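K.L.:
Here are the chains, one letter per residue:
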Amino acid sequence: MRQRNDHSDEAPRREELAAYFDGELSGRRRQLLEAWLADHPEAQADLEEWRQLRRDWQTTRATEPSASTWAGVQERIVVAAVPPRARRWRMVLTAAAGLAAAFLLAWFLHRPTSNDEPLVVASAGDIEIISMEAADASALVVGHPMSEPLVLADSADINVENIEPDGDGAMPSVRWWTGAEAPMIVATLTPEPPEDER
Amino acid sequence: MSALCLPSDEELLARYAKGDGRVLEELFRRYRQPAYRVAHRLLGNEADALDAVQDAFVKALTHLDTFQGRSQFKTWLLRVVSNSALDLGRQRGRRDQLKGDAWQTDEKDWPAVLGCEEPGARLERADLRRLLDEALATLPEAQRRTFVLHADADLSYREVADVLGISIGTVMSRLFYARQKLKAFLARRAALQS
Numbered sequence: 001m002r003q004r005n006d007h008s009d010e011a012p013r014r015e016e017l018a019a020y021f022d023g024e025l026s027g028r029r030r031q032l033l034e035a036w037l038a039d040h041p042e043a044q045a046d047l048e049e050w051r052q053l054r055r056d057w058q059t060t061r062a063t064e065p066s067a068s069t070w071a072g073v074q075e076r077i078v079v080a081a082v083p084p085r086a087r088r089w090r091m092v093l094t095a096a097a098g099l100a101a102a103f104l105l106a107w108f109l110h111r112p113t114s115n116d117e118p119l120v121v122a123s124a125g126d127i128e129i130i131s132m133e134a135a136d137a138s139a140l141v142v143g144h145p146m147s148e149p150l151v152l153a154d155s156a157d158i159n160v161e162n163i164e165p166d167g168d169g170a171m172p173s174v175r176w177w178t179g180a181e182a183p184m185i186v187a188t189l190t191p192e193p194p195e196d197e198r
Numbered sequence: 001m002s003a004l005c006l007p008s009d010e011e012l013l014a015r016y017a018k019g020d021g022r023v024l025e026e027l028f029r030r031y032r033q034p035a036y037r038v039a040h041r042l043l044g045n046e047a048d049a050l051d052a053v054q055d056a057f058v059k060a061l062t063h064l065d066t067f068q069g070r071s072q073f074k075t076w077l078l079r080v081v082s083n084s085a086l087d088l089g090r091q092r093g094r095r096d097q098l099k100g101d102a103w104q105t106d107e108k109d110w111p112a113v114l115g116c117e118e119p120g121a122r123l124e125r126a127d128l129r130r131l132l133d134e135a136l137a138t139l140p141e142a143q144r145r146t147f148v149l150h151a152d153a154d155l156s157y158r159e160v161a162d163v164l165g166i167s168i169g170t171v172m173s174r175l176f177y178a179r180q181k182l183k184a185f186l187a188r189r190a191a192l193q194s
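If you're matching them up, the sequences are chains A and B in order.
Number 141 in the numbering used here belongs to position 141 of the first sequence; there are no gaps in the numbering.
Number 194 in the numbering used here belongs to position 194 of the second sequence; there are no gaps in the numbering.
Think of the hints as simulated: they come from the structure by calculation, not from any bench.
Here the structure is a predicted model, which means the values were calculated and not measured.
Any given hint might turn out to be false.
[As the list claims (entries may be wrong)] Not close to chain B: a few residues of chain A, all C-beta gaps over 10 Å, as computed:
{"hint": "1", "residue": "GLU10"}
{"hint": "2", "residue": "LEU17"}
{"hint": "3", "residue": "TRP36"}
{"hint": "4", "residue": "ARG54"}
{"hint": "5", "residue": "THR59"}
{"hint": "6", "residue": "HIS110"}
{"hint": "7", "residue": "ILE129"}
{"hint": "8", "residue": "GLU164"}
[Stated by the list, open to error] Pair by pair, the computed Cβ-Cβ distance ranges are:
{"hint": "9", "chain 1": "A", "residue 1": "PRO41", "chain 2": "B", "residue 2": "ARG189", "range": "40 to 46 Å"}
{"hint": "10", "chain 1": "B", "residue 1": "ILE166", "chain 2": "A", "residue 2": "GLY98", "range": "43 to 49 Å"}
{"hint": "11", "chain 1": "B", "residue 1": "ARG15", "chain 2": "A", "residue 2": "GLU48", "range": "23 to 29 Å"}
{"hint": "12", "chain 1": "B", "residue 1": "GLN91", "chain 2": "A", "residue 2": "PRO41", "range": "42 to 48 Å"}
{"hint": "13", "chain 1": "A", "residue 1": "GLY23", "chain 2": "B", "residue 2": "ALA190", "range": "26 to 32 Å"}
{"hint": "14", "chain 1": "A", "residue 1": "GLN58", "chain 2": "B", "residue 2": "ALA142", "range": "19 to 25 Å"}
{"hint": "15", "chain 1": "B", "residue 1": "ASP87", "chain 2": "A", "residue 2": "ARG30", "range": "37 to 43 Å"}
{"hint": "16", "chain 1": "A", "residue 1": "GLY72", "chain 2": "B", "residue 2": "GLY165", "range": "18 to 24 Å"}
{"hint": "17", "chain 1": "A", "residue 1": "LEU99", "chain 2": "B", "residue 2": "LYS18", "range": "34 to 40 Å"}
Even glycine gets a Cβ: it sits at the ideal position worked out from N, Cα and C.
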C-alpha cells in the first residue's frame with residue numbers, strides 16, 4: 001500500500017480494491033493489485049465480507065411490481081408527459097381556441113338582428129307621446145343609435161300632424177320653440193282649428 | 001422482435017420529440033426496473049418508489065429539450081430518479097419526524113421470491129432488508145446514492161460517473177468507503193446481538 005513518503009506511481013491505492021472487486025480494474029493496475037493482495041490478508045478478508053454484502057444486497061432487492069401495477073404507472077405517465085411537438089400543438093390550439101372564443105363573444109354581443117336592417121330601437125309609428133314634462137323636453141332622441149350617429153331633432157324636423165285628447169278628454173299643452181337653442185323635442189304648438197273653421 | 005431490430009434510445013427519443021407518444025411504452029419497459037430498484041432502495045416501500053419512478057419519467061420526457069443527448073437516456077433518467085427519490089425521502093423523513101414514526105420497510109413488498117419461499121425465510125429476508133436499510137441510512141448522501149446506483153441499477157463506474165457528474169476515480173473511492181462503512185455497521189450490529 002502506498003505510504004505517504006512512497007512516491008512510486010505503481011503502488012496500488014487501497015481504494016482500488018473497490019475497482020478490483022467490481023471488475024473495473026484491468027491490465028497493469030489489476031496485476032499490481034493482485035500482487036499486493038497476496039501480501040495483505042486483511043484486504044482479502046475485506047473482499048470476502050464485501051462478497052457477502054453483495055449477496056445480501058441482491059437477495060433483498062425488491063421484487064418487480066405486477067404487470068397491472070406497471071400498466072397503471074405507464075398510463076399516468078402518458079397522461080402527464082405530453083410529447084414536445086404535441087405540447088406545442090396543444091399550446092397553439094389552446095391559444096387559437098381562446099382567440100376564437102373571444103371573437104365569438106364579441107360577435108355575439110354586437111351582432112346585427114337581421115342582415116338588412118340596423119337594430120331598431122323604435123320606429124316613429126311605435127311612439128305616441130301623450131304628455132311630457134317640460135324638464136324632459138330635451139331627453140327624447142330619434143333615429144337608430146346603434147347603427148348611425150345620433151341625430152338630435154330640432155323643431156324644424158318635427159311636424160305635428162294631429163293632437164288628440166287623452167282618455168280623460170284633456171287636450172295636451174304642446175309648446176313649440178324655434179332657433180338653435182330650441183330643445184329637440186316637440187315644442188308647444190297651438191292646435192289648428194278644425195277644417196270647417198279655417 | 002430480436003435485439004437487432006430494436007431501435008436505439010436515440011431513435012426512440014427522436015420519434016417521441018416529433019410527437020410519437022407510442023415510443024413511451026418501449027422506453028418505459030426498458031428502464032422501469034432499474035429505476036424502480038434504485039427508488040425502492042432509497043425509499044424502502046413500493047408506493048413511494050412507484051411515485052418516484054412515475055415522477056422521474058414524466059420529468060424526463062417533459063424536459064427532453066434539456067437532455068440534448070450529451071449523455072445516455074438511461075443515465076439521465078436514473079439521475080432524475082435518484083433525485084426524485086432523495087427529495088421524496090427528505091419529505092418523508094420530515095413527515096415521519098413530525099409523526100414520530102420510525103422509518104420502516106414495508107413487509108408487503110417482500111412476496112415469496114419464487115412462489116415457494118417459506119414464511120420464515122421471507123421474514124428473515126425482510127429483517128435483513130431492514131438491517132441493510134439502516135446501514136445505508138448511515139452513509140453520507142453522496143456515498144449512498146453512488147452505492148445504490150451501482151449495486152441496484154447495475155451501472156458501471158463510467159455510467160455512475162455520468163449520472164452523478166463525477167470522475168470514475170471518485171466513484172471508486174465512494175464505493176470503497178461506502179462498503180467499509182456498511183461492513184462496519186453490520187459488524188457492530190452483529191456484535192450487539194450476540
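K.L.:
Indicate, hint by hint, whether the structure satisfies it.
P.N.:
Hints, verified against the model:
1. With a least CB separation of 16 Å from chain B, A/GLU10 remains clear of the 10 Å interface cut-off, as annotated.
2. Look at A/LEU17: its CB is around 6 Å from the nearest CB on chain B, not clear of 10 Å, so calling it non-interface is violated.
3. Distance check on A/TRP36: its Cβ is at least 15 Å (rounded) from any Cβ of chain B, clearing the 10 Å threshold; non-interface status holds.
4. Some Cβ of chain B comes within 10 Å of the Cβ of A/ARG54; the nearest lies about 7 Å off, and the non-interface call is violated.
5. Under the 10 Å C-beta cut-off, the non-interface status given to A/THR59 relative to chain B is violated; the minimum distance is some 6 Å.
6. No Cβ of chain B comes within 10 Å of the Cβ of A/HIS110; the nearest lies about 39 Å off, and the non-interface call holds.
7. With a closest Cβ-Cβ approach of about 69 Å to chain B, A/ILE129 is found to remain outside the 10 Å limit, as its non-interface label requires.
8. For A/GLU164, the requirement that its beta carbon stay farther than 10 Å from each beta carbon of chain B is met, with the minimum near 77 Å.
9. Distance hint check: the CB atoms of A/PRO41 and B/ARG189 are about 24 Å apart, inconsistent with the given range 40 to 46 Å.
10. Between B/ILE166 and A/GLY98 the Cβ separation comes to about 47 Å, which falls inside the hinted range of 43 to 49 Å.
11. Look at B/ARG15 against A/GLU48: about 48 Å separates their beta carbons, and that is not inside 23 to 29 Å.
12. Taken as a hint, the range 42 to 48 Å holds for the pair B/GLN91 and A/PRO41, whose Cβ atoms sit roughly 46 Å apart.
13. Against the hinted window of 26 to 32 Å, the Cβ-Cβ separation of A/GLY23 and B/ALA190 comes to about 28 Å, which satisfies the hint.
14. At about 23 Å, the beta-carbon gap between A/GLN58 and B/ALA142 stays in the expected band of 19 to 25 Å.
15. In this structure the hint that B/ASP87 and A/ARG30 lie 37 to 43 Å apart at CB holds, the actual value being about 39 Å.
16. In this structure the supplied range 18 to 24 Å is violated for A/GLY72 paired with B/GLY165, their Cβ-Cβ distance being about 33 Å.
17. Separated by about 26 Å at the C-beta atoms, A/LEU99 and B/LYS18 break the suggested range of 34 to 40 Å.
Hints 2, 4, 5, 9, 11, 16, 17, counting from the list given before, are not met by this structure.
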